[in-house]
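Starting from the known structure of chain A, fit chains B, C and D onto it as the hints suggest.
4 protein chains.
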Amino acid sequence: MMIRFESDYTQGAVPEIMDALVKTNMEMTPGYGEDEYCLKAAEKIKLEAECENADVHFLVGGTQTNLTFISSVMRPYQAVICADTGHINVHECGSIEACGTKLLQLPSADGKIGAKEIEKIADGHFSDPIREHAVQPGLVYISFPTENGTLYSKKELEEIYRVCRKYGMLLYIDGARLGYGLASKGNDLELKDFPLLCDAFYIGGTKVGALFGEALVIVNDSCKRDFRYMLKQKGAMLAKGRLLGLQFDALFTDGLYHRISRHAALLAQKIRKAFEDKGIELLYDSPTNQQFPVLTKEQCDFLAGEFAFSPWCKVGSKFAVRFCTSWATDEKDVERLVEAIGNM
Amino acid sequence: MMIRFESDYTQGAVPEIMDALVKTNMEMTPGYGEDEYCLKAAEKIKLEAECENADVHFLVGGTQTNLTFISSVMRPYQAVICADTGHINVHECGSIEACGTKLLQLPSADGKIGAKEIEKIADGHFSDPIREHAVQPGLVYISFPTENGTLYSKKELEEIYRVCRKYGMLLYIDGARLGYGLASKGNDLELKDFPLLCDAFYIGGTKVGALFGEALVIVNDSCKRDFRYMLKQKGAMLAKGRLLGLQFDALFTDGLYHRISRHAALLAQKIRKAFEDKGIELLYDSPTNQQFPVLTKEQCDFLAGEFAFSPWCKVGSKFAVRFCTSWATDEKDVERLVEAIGNM
Amino acid sequence: MMIRFESDYTQGAVPEIMDALVKTNMEMTPGYGEDEYCLKAAEKIKLEAECENADVHFLVGGTQTNLTFISSVMRPYQAVICADTGHINVHECGSIEACGTKLLQLPSADGKIGAKEIEKIADGHFSDPIREHAVQPGLVYISFPTENGTLYSKKELEEIYRVCRKYGMLLYIDGARLGYGLASKGNDLELKDFPLLCDAFYIGGTKVGALFGEALVIVNDSCKRDFRYMLKQKGAMLAKGRLLGLQFDALFTDGLYHRISRHAALLAQKIRKAFEDKGIELLYDSPTNQQFPVLTKEQCDFLAGEFAFSPWCKVGSKFAVRFCTSWATDEKDVERLVEAIGNM
Amino acid sequence: MMIRFESDYTQGAVPEIMDALVKTNMEMTPGYGEDEYCLKAAEKIKLEAECENADVHFLVGGTQTNLTFISSVMRPYQAVICADTGHINVHECGSIEACGTKLLQLPSADGKIGAKEIEKIADGHFSDPIREHAVQPGLVYISFPTENGTLYSKKELEEIYRVCRKYGMLLYIDGARLGYGLASKGNDLELKDFPLLCDAFYIGGTKVGALFGEALVIVNDSCKRDFRYMLKQKGAMLAKGRLLGLQFDALFTDGLYHRISRHAALLAQKIRKAFEDKGIELLYDSPTNQQFPVLTKEQCDFLAGEFAFSPWCKVGSKFAVRFCTSWATDEKDVERLVEAIGNM
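Protein chains in written order, with the numbering used here: chain A, 1 to 344; chain B, 1 to 344; chain C, 1 to 344; chain D, 1 to 344.
Honestly, I wouldn't trust all of these hints.
No copy is singled out in the list; a pair is fine if it fits within one copy or between any two copies.
[Stated by the list, open to error] In silico lysine to aspartate or glutamate, EDC-like type, Cα no more than 16 Å apart, as pairs: (1) 224 x 132; (2) 314 x 128; (3) 154 x 193; (4) 116 x 159; (5) 40 x 254; (6) 273 x 335; (7) 192 x 43; (8) 278 x 335; (9) 273 x 331; (10) 273 x 285.
Derived by calculation from the structure, the hints in this document are not laboratory data. Only a predicted model underlies this, so the values are computations on that prediction, with no experimental measurement involved.
Just chain A, with the same shape it has in the complex:
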């Protein structure tokens, strides 16, 4: 049977979540995220993130979270600055534009964008005498980790946020794989740093241990107003909100979210090392759960006999592909992969 590394959302949820779902199944709770489980989960997140004043909302998926938050804070003529590789730019089917907001794309080699380029585009706009003919940059969107597995350092985030504040732009961080980023070797950020370094971010559950669900943390007071109306309007207010609260309650109890993330990050580094030992180039310098080796056609075919992985892009005459680990990855499967890489 095929051993699968093609994505980090092929399986269900951690046992703690499944147990809680079964155990609470017949409890009667208020709907729409106003139950005790949501309240408890929000409290635990605020406690760990050290942001008692934040608002925490639970949504079902990442695209939904991005479009609901961004459309809530943008005025019609404002635009979002993002990497051209950003998930909202390439893999959410124009969901932000469908809400009326333009994206201003910065070229990115590895998924990251820098404070300097952000400042340049913002400054170019605000110093233009006919600036109202163009959209006004209003928000910067980055992903942590990026879609390419790379990470921002604390210093990089600080610089980006400084630029944002200078030009009156919000900073929003897509944390679909936040756990894997935080658990990665070399990462110098903790959850509690995020409320100080951006206006809002979300903690991904779908790819990190949950059946589904993302926890949006709104730090900036100016972004909080009436957000539940937005949830409802965008179809993002789950009737049985308990299902979301309960999952994040489990994930943020006894460090579970981070424990499972470390598992994935560690196994990914084993895969990375196996490729490096074999002299295989990695397309991005990713310390997180996604690895992007650049393989020859023959190497691809060799591995494809036993393992599932994702195509990524052509690199000259070779092929970059993606291997993902997750909270659910079996260490034995990784060992088998490492062995196979050695035998390529």
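Leaving out everything else, chains B, C and D in the frame of chain A:
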């Protein structure tokens, strides 16, 4: 402890679903609704509904389903005709308008609208020489059952659909509580009638046995094109689509969906009869799982001591309230309520 | 040849405007409303309206003005309260909804809505415990005069504005025919009252002496920010802005706007009196330039032989029709109409 | 006094238009583009363009025309391919995105994009197995002339249109300066070629002799349906439509549109030659009415003493600037400029 009748989505899912979730938790499946479970569930629905050519898509919630389908088929200047009491008009926070589409509201006493009024508004528009100053009716939205628990007869649906086709309007049916409608005494429609009487409808899961989920059945070929793009754009494409397919697979195996619906409908009629026996007026003639007795302040207070129910509206000096049953309602709780009504 | 009373925008502009257009034709001015003519016109309007701090913008037409302003100030989940007869509700092809905003319609017999009904709907919303399931009233739209020719008194406006401020809603007044309203017998409002009684309003030019153009006066500081971006985005920023500034400059020089408005209002009252003298019912009590007599089929046919007028609606077995005067109406044509009415 | 070359819309209209406006001022015509002048103008355009079956609509400005047409033909998940320098991408304040549609930008050095790059992006999309995660290319937008003064050859347009049809994409041409392009030396296209080479295009009036106005020519039947609703909804239906019809009637009588365009194109080439004779580099190879010399700071200052022109962009340590001619440019002013360039 309070016995709760305030809504039909306070609890989790039927045991068959919970078992399947637990059992399949570590299976690896493709994402985004392209797994075997979704395929199987769609096949079962098409088989029972006798519409082999329909497209079936699974979404998470009702507001999401309504906005995704309607925004997919409307041109920018077209409008939706609906009852002023319709869910999209009053309880979805302007989600249809947020996608750019106006609602044309017909007054309704009991949640239903009639072919005659629909024809009048459509004819008024298309015969107006300056019609392009107004929106063009493009779709009729009705709910089965309505938000007030009432049902359309087969003949009424036939007449409405005839008017729709005459004026080139689509007919879309919101079936958030479809199971309860089909299972109700006096209902003369079966699931297989729906594909013949409308262009698209959805089969509600959230309120009828599932943790969450609605099955959208698109019958009219002209509405099918590229719908998966719409799902993605509106944040309605669940990453782990298996969770939806699996639930509808369970519900449409061995008649489970209908069996649990009959349970709820039957218990609701016991409640209704208890109110009638006591000489209490019911605001709407509802054969379904929602009952709306009109109570005095004293009667409200009396029942509120032991039972939870929802406020609805004032009726003169009295108060209409809502009692719901569901697939999860315990027969003993209904017996206790019946007894209490007798003692009012 | 037919004598035409069917609308108030069938002809060009007052001679003063035509002269100015010809005279300035080859002047080179900056574009986009930043020329001297726009500046001068804005100053004259602010002077007469006694609102030095207001922002004045010039747009081409009424629908454009309504949609640009309203979409500028609404958050996505907010809604506009208006009369069901309101121009934005029935004759602007869903332009407000196309920008994402729902309209909450109050029934109106004569085009007006009252402070009491507005308060009721606002209060109903804000006191609803699950209010985020519905849209939030954010702005009240009224027309002065209304689409039916009726007028609000100063007291009525004061009451409406008081309710608006109580619930944090903006008040916006559509003044497509503002001149005719101000010039009408019985009107107790002056231009300078408007900045005190609403957050924004527009002074109609298209129907009152100009070739085209509306002057939007934004009084409330919170509505002013970045409005020129909105103008540009909605295609409402005229390249040769001079054309707009110059027209309003002419209209607001030496009381021209009011002088031509009085002419129209006066002639309309002659028509009204002729109908009344003949015992003909008028559908609305209109002191302005639109009159709505209720005629028999025979009376319609009789007048239609010599005069053009607009159909309005059926009233039992009779027909309400519309006669408009304008700044361009010839007094002799009115005398001929009065005579004909006498002879019906 | 300053001699002004900074844009091509600083002045009013050709005398023929001014005369017609004055002469017809008190005529009573139906509103909203349904008058005889609009009819006549549309007929003349269709005759010259040899497209009897086309629909011709008159709008006030370019941004308005672009957003109204594009939003009329796009489904929500479709996107527009355009040059990154395209007017809709950089100078219309996100108006297309505000209608819900994403732009896919191709890098362009001189304002043009090629069939090959268009095919690559289209093919990349339609061959992607998870294509519904991204927007679907639905329309290609190009400008003739481009914003940089460059022109497509007939062969280039043919190749682009072939790719469009291959992938089911529409081709729409922004002709804000169409006249100047057609009148340029080296151009091998005539007006009658356009209906064969695209699905819709517009003939610019604002910059080519009119006070304002653009004539949208919809060739493809599938784009025609109900377009007048779109006009109304977007605030693009001028009440006194006569003003637009009359201007295009004048422009398309006796070849006026082309005669005035040739005037501008010819003068622009004199300016170009003067710069070339002086050894000054021109940023783009523009045969049309816009010229972009690359000047030193000293050269800029020298010319700025007597002439107004627009800043464009930095080129190394030099500055590209823009000089425009128009139908209204005085030949003597050009001679003076040529002389000054010689003396730099």
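Subject >> Non-conforming hints, listed in increasing numerical order >> reply: none
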